Structures are given as C-alpha cells and as structure tokens.
Amino acid sequence: MTPRILAAGDQALTVELSCEVDEAVNARVIALARSLADDPIPGVEETVPTYRSLLVLYDPGAVRGAALGPALLARLETLDVRPGAARLWRVPVEYGGETGLDLEEMARMKEMSPDELIALHGSAEYRVHMIGFAPGFTYLGGLPERLHTPRRATPRQVVAASSIGIGGKQASVNSVAGPSGWRFLGRTPLVPFDPAREEPFLFRAGDRIRFHPVTSAEAARLDAALARGETPVTPEVAA
Amino acid sequence: MSALLKIRRASPMLTVQDRGRRGLLHAGVSGSGPMDPPAFALANALVGNGPEAAGLEYAGFGGTFEVTAPVRIAVTGGEAQLSRDGAALAPWESHELAPGQVLGVGALKDAVWGYLAVSGGIETPPVLGARATHLRTGLGGHEGRALREGDDLPLGETAIGPCLRLRSPLPRGTGPIRVVPGPQDEFFDEAAWAAFAGGSFTVSATRDRMATALEGQEIRAAKGHDIVSDGTPLGSVQVPGSGRPIVLMAERQTTGGYPKIATVASADLPRLAQTPSGGALSFTRVSREEAEEAALAARRALARAIDTLAPKGSLQLSSEYLLSVNLIDGVVGPEAAEP
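Taken in sequence, the protein lines are chains A and B. Everything in the first sequence is counted per our numbering, starting at 1 for the first residue and increasing by one. Everything in the second sequence is counted per our numbering, starting at 1 for the first residue and increasing by one.
Just so you know, not all the hints are guaranteed correct.
[What the hints assert, rightly or not] Per label pair, the in silico range of CB-to-CB distance:
| hint | chain 1 | residue 1 | chain 2 | residue 2 | range |
| --- | --- | --- | --- | --- | --- |
| 1 | A | 104 | B | 194 | 22 to 28 Å |
| 2 | A | 123 | B | 9 | 56 to 62 Å |
| 3 | A | 181 | B | 9 | 36 to 42 Å |
| 4 | B | 284 | A | 155 | 33 to 39 Å |
| 5 | A | 97 | B | 290 | 18 to 24 Å |
Honestly, the hints are just simulated from the structure, not real lab data. A quick note: this is a predicted structure, and the numbers were derived from the prediction, not measured. Positions of the beta carbon are idealized from the N, C-alpha and C atoms, including for glycine.
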C-alpha cells in the first residue's frame, strides 16, 4: 500500500506503511527511524517504530503537522534500507520449569513431544519487530506457523520477567513481570531490561534472535555470571 | 546532609513526579510525569524551582509532611485543603514551612490530581534520565513505588526568595473536550462518530495514571476492534471490543492493538485528567491545525502565569492592576482625560 500520514493529535503523527505484520515493511519503518535519528527534521522530538508504522512526535512550536507529513513522505522516497546489518543474538532458554508454564499443554495441543516443540521453537530465526508495551518488551516475528497459538482465555496475573512467550502469530521475550494472556515456554537468564545497566535495553528493533535450549545447571551458571556483572552473551553481528 | 521531606501520612497515590522521561518511547518506556503538567509547573514556579525540579503528585488527598530545614511549599491542582499546624493555608500560592511544623494536605474538592512542590525540589536518584515514578513498572521516584508513612525524601538546595502567588487563575477552558480524529478514525462509521462526538460520557471510577476509562454510549468500530499494534500517543482514545473508550494518559503503554478513534487536544488533556470520577464529558472534533494553535496558546498562557507571579504581601498591587485604575482622577478631572 502507499504510505499514509495519519493525524495523531497536535504533537504526533503516524507514518503508516501497512496494516499487516510484514518483515520488509518493518525494515523500512526501522530505516526511517534511523534516518530521522541520523539526519533530524527540525521539530521532530522522538519516534516509535512499530510493526508497520512509525509514530513521530513533534513540537508544534517548531514544525506543523501539515508540513511535517510531506517531509516524512519525501524522506521515505530516498530511504536506504540496508538488510543484513542487524545484530544477531543467540538467546539461551531454560525450557519448561517454573516459567515454562505452558510447554506441556502446548505440546499436547500440537500433538508433539515437548522436545519436538523446543526443537521447532529453536529452529527459526526471529526478528525484533518492535520494542513496546512495557520497557524492553520484545515483539518477535518469525514464529513457525505450527506454533501459532491463541492467547489464553484468562490472562495470568503475574508472568515473570525474562519469560519466553507466544501470543497468536507473535513471539516475545518478556522484560518486566506483569499480567499476560500469552503462552510461556520457559525463561532466559538474559535480562532484557535493567535500568541500572549502562545499556538498559538489551534488544532493539531490527535485531535478530535465535533461541537455544540450555540445562537448568547452565542457566544457573549464566544467572550467576550476570549477577557478577559479566556479559556472557553478546550479539554475533555488530550493527 | 541534605534537608529531608518526611512523609508522616500518605495518600495511597502519592508519588514523586518530574516533567517525565523523554526519548525512550522506542524502548517501551512512556514518559510518566504529572497528569496535569501546567498545575505541576506552577507549583514548582511558586516555590522558586526550575521546571525540571521534582515534586509530589497525589490523588484525592495528600497526607501530612514535615521538613528538616526551612522551605517554601505550594500546592496546586484544584481547591486543595491545606494547613500548617492546623491553621488553613491557601492553595496556588507559596508558604513557608519550618522544621517542627506539620503540613497537612487534605482533600481536593473539584479536581483529581494535586501537586505539592517544595523549594529545592525532591532529589531522589534519577532513573533513565528522570525522577518521575512509573508505578506499573516500578521505575523512578522513591524505590519505584507510591510513598508511605515513614519515607524520607532528600531535598535539593533551597533558594531563598519571597512567597509568591498567582495574579489570576490559570485558564482551564470549558465546554466539550477537543479531539483530533485519527489515527484510526476511518475504522469508525458515521453512526460511531455521532455517538462519540455527539454523546455524553462520564469518567469511570476505574481510572489511574495509565488511562481514563469512559462510560456512556458504546462506540462500535465498523472495521473491527483489533489492529496490528502501533504507537499510542498521549491522549489517544482507544476503543476496545467493549465499545467503551479509554483515553491513554501519562503512564500509558507505548504501543497498543485497539483502534484509536481520535486523540485529545493536548491543551484539553489536563482538564480531562482533572474531571472527577462520575463527572460528565463530551467531545468535539477539531482540525489538527486548531489543536496545534490551542496547544501553543496554552503554552503561552502558562509561561505568562509563571512570568507574572507576584510576591505576596508587600507588592499586593501589580503594575497591571495599577494601570487599570484611574489614579489621577481628582487632579485633572475626568473631562480632561478624554481625548
């Protein structure tokens, strides 16, 4: 579809590229956000890349929405979308256990063994489509179709931070504890959000993620290393 | 050792707030900050603080407070009941508070959110660039939570200065709350728009710093109530499947999957935030340009209110007031004043 400018009040507008989840669209959204960070349009204060659109916050004292919209569409025309520069993270997952609340039930629903389900979840390369909802919450695309699962009828009141989830066609690395109706397979020792860390947010939109299973003993070793302030996992491809 | 603000009794929704976080929406962190930014800014200005200083926000009633060094304090937001050692004080002006005196911040009569500013500002450690408390994720403020009896908050260096008052109340606006259609206005047909912009709503009791829920006629989205999640600006009016609109406020989620029929004009958002639960609201559509003009006018009105704060007591008569009065009658006579 043709990109559209949608009004979002008197201090924001939305550049909408699609109504659907689409990797190519998401790459353009992220590229537009990066372009505005590298070469700012005066008056633009902040952007929020999402699956399919970019929310652009502006100061009406510096630029009017009527002028900003066309400037953003013009920027899209000359956008340089470079694939392959994204960081790749190998994310260790302790499947099952206390946080993998839905692993057994999901395996039954999918008529496979828990090990088969884990292998399938770990076989895909996921893409961070956006960070949103809560601080550092990672929305992933790339979930294998057999793992698409509707949300639970009744949300749980508290799901632990660092839980590995599935909601519909989407996958997640949760960041903070909170209520959720998603299904959870396990947890990662990685900490997606730590406000005290120099880089509070581990992942950013456009990153790629591969999950791999680790034993409880290995997860405990990683927990301890992280608690000592070590960084045992770094992205394999630099941005 | 720095001066302390000691919390003797606390309302359940008493939090440290500053102007809020900026630049982290892309990481899922909404700004937080005050629900009524102009009232918060005036509280700071009344005690001689800069706009970046942190103060306290409360809902309904505030609590009781003491300090360990002499300060100026001010309470804004609405018609707040305020006392020092039991003697009533006026809101919307600053007062001295000495160690040993007890400041009582009682109920707001006509508003929801009140602000207590203390000279020097509250100096809890900034988190991600701000002191604002984000309750839902436990960020910022004092241990990321609402304040409780027994909490001690560090205060910054207190500037010496006179107690100040407003020359005239901050204009709040009246009539329907202005909204700019979009970003998903086309999900709603004419009937839905008639119900939204033509109807009357009341503010639900299920309201907090994240969102204000509204009750009234149901709004149906002709194109459905699920969208692929996108960004949620301040003041966006989400319409979930229940058909009951929800206005997203300071502590909102940064992205959401419900269509947003409209966005409240930023000039009218503080008024919406301050409408008591059960209070009536209606909406009117305006263009983005009108809302932008209103935002800039509100900004100018606040700057003017801050620029013209007057010292209490000695300079009760402002120059504006003096110029408005005919002081030379009786010297030259009224006829001579005619051109």
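Each hint, compared with the structure:
{"no.": "1", "hint": "A:104 x B:194: 22 to 28 Å", "result": "50 Å, violated"}
{"no.": "2", "hint": "A:123 x B:9: 56 to 62 Å", "result": "58 Å, holds"}
{"no.": "3", "hint": "A:181 x B:9: 36 to 42 Å", "result": "38 Å, holds"}
{"no.": "4", "hint": "B:284 x A:155: 33 to 39 Å", "result": "36 Å, holds"}
{"no.": "5", "hint": "A:97 x B:290: 18 to 24 Å", "result": "56 Å, violated"}
Hint violations for this structure: numbers 1 and 5, all remaining hints satisfied.
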